[in-house]
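So the protein sequences, as listed, match chains U and Y.
For the first sequence, our numbering assigns the number 1 to the initial residue and increments by one for each residue that follows.
For the second sequence, our numbering assigns the number 1001 to the initial residue and increments by one for each residue that follows.
Hints were generated in silico from the structure; no laboratory data involved.
Among the hints, erroneous ones may be present.
In the BS3-like style, the derived pairs of lysine-lysine whose C-alpha atoms are separated by at most 25 Å in a straight line are [to be verified]: (1) Y:Lys1233 to U:Lys159; (2) U:Lys147 to U:Lys165; (3) U:Lys159 to Y:Lys1097; (4) Y:Lys1278 to Y:Lys1267; (5) U:Lys159 to Y:Lys1426; (6) U:Lys201 to U:Lys159; (7) Y:Lys1097 to Y:Lys1032; (8) Y:Lys1346 to Y:Lys1097; (9) U:Lys165 to Y:Lys1032; (10) U:Lys79 to U:Lys23.
Non-contacting residues of chain Y with respect to chain U, defined by C-beta distances greater than 10 Å in every case (computed) [claimed, not checked]: (11) Val1020; (12) Leu1082; (13) Ala1105; (14) Leu1139; (15) Val1216; (16) Arg1226; (17) Ala1247; (18) Asp1265; (19) Gly1280; (20) Gly1386; (21) Val1440; (22) Lys1450.
Coverage of chain Y stretches by chain U, computed from C-beta distances (three or more under 8 Å per stretch; other residues unrestricted) [to be verified]: (23) 1331 to 1338; (24) 1425 to 1439.
In this text, a Cβ means the ideal position worked out from N, Cα and C, and glycines have one as well.
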Amino acid sequence: MLPVYICEDHDALRADLKDFLQKLILMEGYDMEVALSSGHPEEILRAAEHRRARGIYFLDVELTGESMDGFTLGQKLRKLDSRGFLVYVTAFRDLAFETFRYHLEALDYIVKDEAAPDPFTPYGGRNETMYDGIRRSLAVITERMQKEQGEEREFFTVKVMDVVKHIPVDEIMFFETTGRTHRIALHGRCDRMDFIGSMRKLEEALGSRFLRVHRAYLVNTEQILELDLKHREIRMQNGETCFFSRNAKGELLNRV
Amino acid sequence: MGFWEIVFGNLILYTESLLVCALILAWGPGKKPRPGRGGIPCMALVTLGISALHSLFGAVCYTQGWAGNWIAVFVSFFSTALTTAFCFCVIYRESMKTCWILASAFSLLGDFSSNLAALCMISNGPYNLAVWKERVVYLIMIHVITPLIEVIFVLLLQKLGILRVFWDWLTQKEFRLVSVLAFSLYPVWEYGIFTFLHVNQSQWGEAYSVCILVSVCFVALFVIGRQKELQRKQIAVQRVMMQQQNAYIESLEGLQREVRRFRHDYKNMMAGMYAQAKEGDADAVRQLIWEVTDDFESQVGGWIQEMTQLGNVHMMEVKGLLLAKAEEMKKERIEFDLEVFRPFVKTAMKRTDLCRCLGILLDNAMDEVRGKERAKVSLMISSQEGVTTFRVKNALYSNVDFQKIWQHGYSTRGSGRGIGLASYKKILEHYDNAFSLTTVSDGYFVQELKIQE
C-alpha cells in the first residue's frame, strides 16, 4: 500500500485535499492510503523517515512560517525516498516546474487557487482544475507502477555533478575519451554528454557487449551498422563513426 | 671546437632556457604542461627533437662563419623564438599565436639578460671559445649569470605588477596586430640601434647600456599601452551595462504602465461587482471575481512572472542578454519561459564566455521553433549545491533535423556557420569544470551546460 502525504499550510485547503484524496482512492480502488496530512514539513519528514517506503507526496511550495519551503522539503524527501512521487500543488502558475522536475524529478505541478474557494459546490468552482490535476497524477502513478513491473530494460547510470542520468544501454553507441584527462564523452542515439570516468572501469562495468576497439573508443557492438575495413572505421546505427585499431579487427569481425 | 660539441652545447643551453621558461610559467600564471594523448614521455621527446633540430641549425650557422652577420642574428632570433613557440605549443597546447608571443617575450627577456650580463662582465665582443679561459667566462655567463638576471628581472617585474598585466593580456587571447608586431620585431629595432651605436668597436659598454634602456622603455610602453586599452574596454563594458540597465528600467516602466491600466479596469469591475452584490446575485459576483483574477493573470501576471525570474539573475551581463533575447522572441512570437528559482549570482565561467554560450544555445533553440505554432523556448538557470545548471529546451519538429544538428556541430571545425555548436564546444574546451549534455527526449531538444563552482 502506497502512503500518501499532504503538506499544505492552508488549513481549509488541506482538509479539502485530504477529503478529496480519500474519496478518490476509495472510488478508484487504488492501492494507496492517506498516511499523513500536515502543515509542518518536519512532521512529513519524520513520518517518511519512520515508514521508509515509496510514497506519494502532495506538497505546497510556499510554506509560510515553516522552517523550509516545498523545494527544500522535496530535496530532503528525495534523499529518504528516491523512487517516490512528488506532486507540487502551488498557487503560482508556471513558477518553476522545469526546476522542480530537473532537480526533484517532480511528477506534476498543479496550480491551486486559494483566492476563490467556492463554498457552494464541493471541491468545485475554480478548484476543479486542481482536482483534475490530482486525479490525473494518481492515474499516471498507477500506470507508471504497472509499467515498471514489466520493464526489464538495462540502464547505464552516471553521475554528472549534482544529477544522476539514466541512459538505456541499448541506446548507447560508443564512449570516447576526450583530450582532457578522465573526461569521457558518451555518444548515444538521443544523448551526447561528457562525464568524469575511466575507460577501464567502464569496460569492466558494461561487460562483453562493449568492446574496446581503440585506445579512445569503447563501442557497443550491438549498435554497429557496418565496418569500413580499409579506413578502419566503424559506422554506428545513428550514423556516427569511430575508428578501430589493427589489434581489434579480429575480435570485431568475430562479433559483427 | 668540434661540430657535435657545438650542437651538444647548444642543446644544453636551449633546454636549460626552456626549463627556466617553464619554471617561470609555472610560478607566474601557474601554467602546467598538458601532455597530449602520448603522455609526458611523448611530449618530452617531441620537445627534445625540436630543440635538437634547432641546435643543429645553430651549429651549422656557427661553423659556416655566419655568426657576425646581422642577417644571421635575425635568423637566429626568429628561429629560436619559433622553436620555443613550437615547444610551448607541444607542452601547453595553446594556440600558435599565444605561444609565439610568449616565445618572443622570453627572447626579449633572454636578450635583455644577456645584454646586462655582458655589461656586468665588461667583456669585449664575441668570445673565442677555443681559448680555455674565455670559454669558462662564456659558460659562466650564459649558464649562471644570464639565468640569474632573468630570474631577478622576472621577480622585479612581478613586484611591479607588470607581469600580471602581461599574463592578463596573454590569457585574453585577442591581440592587436600592432602589439604582436612590436613583440615579434623587437630584435630588428634593437639590433638596428645596436649596430647604429656600435660603429666604433670600443664602445661595447655604451651600446649594451642603450639596448638595455631600450628594453626597459619597451616594457614601459607596453604597460602604458595595455593600460590604455584596458581603460577603453572598461568604458565600453560600462556603456553596455548602462544600456542593459536602461532596457531593464524600460521594461519595469512598461510593467508599471500595465499595472496602471489594469487598476483602471479593476475599478470598473469592482463597481460592477458592488452593484451585483447589492442585488444579491452570487453567481454573477462569482463570475466577476473569476474574470478579474483571470484578467490580472493575462495582463500583468506573465509580466510579473518574467520580471521575478529575471530579478533572480544577479549577473548584469546575463540579465542583459536574457532581456535582449526575450525582446527578440516577443517580436518573433516565441514564448520565452524563463525559470530562475534561486538567485543566480556568480559562476566559475568568465562572464563573456558564459554570455556567448547562452547566446548560442538560445539562438539554436529559436532557430528550431521559429515560425512554428505555439513556439516556445525554455531556459532554466539553477544554482544548487555548488553546481550551476543552464538548461535550454525546445520542441523538435523533425527527426531529420536533429541528426543534421548533431553532425553539423561536430564536423564543422571552427567555421562557426550554421548553429554555432562548434564554437560552443570550443569555448567549453577552455574550462575543466564545465560539462555539456545534449539530449532528445519526448520530442524535446535539451541542451544542458553545467558548471562546477
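Consistency of the hints with the structure:
| no. | hint | verdict |
| --- | --- | --- |
| 1 | Y:Lys1233 to U:Lys159 | violated (40 Å) |
| 2 | U:Lys147 to U:Lys165 | holds (20 Å) |
| 3 | U:Lys159 to Y:Lys1097 | violated (38 Å) |
| 4 | Y:Lys1278 to Y:Lys1267 | holds (17 Å) |
| 5 | U:Lys159 to Y:Lys1426 | holds (24 Å) |
| 6 | U:Lys201 to U:Lys159 | holds (14 Å) |
| 7 | Y:Lys1097 to Y:Lys1032 | holds (18 Å) |
| 8 | Y:Lys1346 to Y:Lys1097 | violated (31 Å) |
| 9 | U:Lys165 to Y:Lys1032 | violated (32 Å) |
| 10 | U:Lys79 to U:Lys23 | violated (30 Å) |
| 11 | Val1020 | holds (27 Å) |
| 12 | Leu1082 | holds (25 Å) |
| 13 | Ala1105 | holds (26 Å) |
| 14 | Leu1139 | holds (40 Å) |
| 15 | Val1216 | holds (40 Å) |
| 16 | Arg1226 | holds (31 Å) |
| 17 | Ala1247 | holds (23 Å) |
| 18 | Asp1265 | holds (17 Å) |
| 19 | Gly1280 | holds (14 Å) |
| 20 | Gly1386 | violated (8 Å) |
| 21 | Val1440 | violated (4 Å) |
| 22 | Lys1450 | violated (5 Å) |
| 23 | 1331 to 1338 | violated (count 1) |
| 24 | 1425 to 1439 | holds (count 7) |
Hint check: violations occur at hints 1, 3, 8, 9, 10, 20, 21, 22 and 23; the rest are consistent with the structure.
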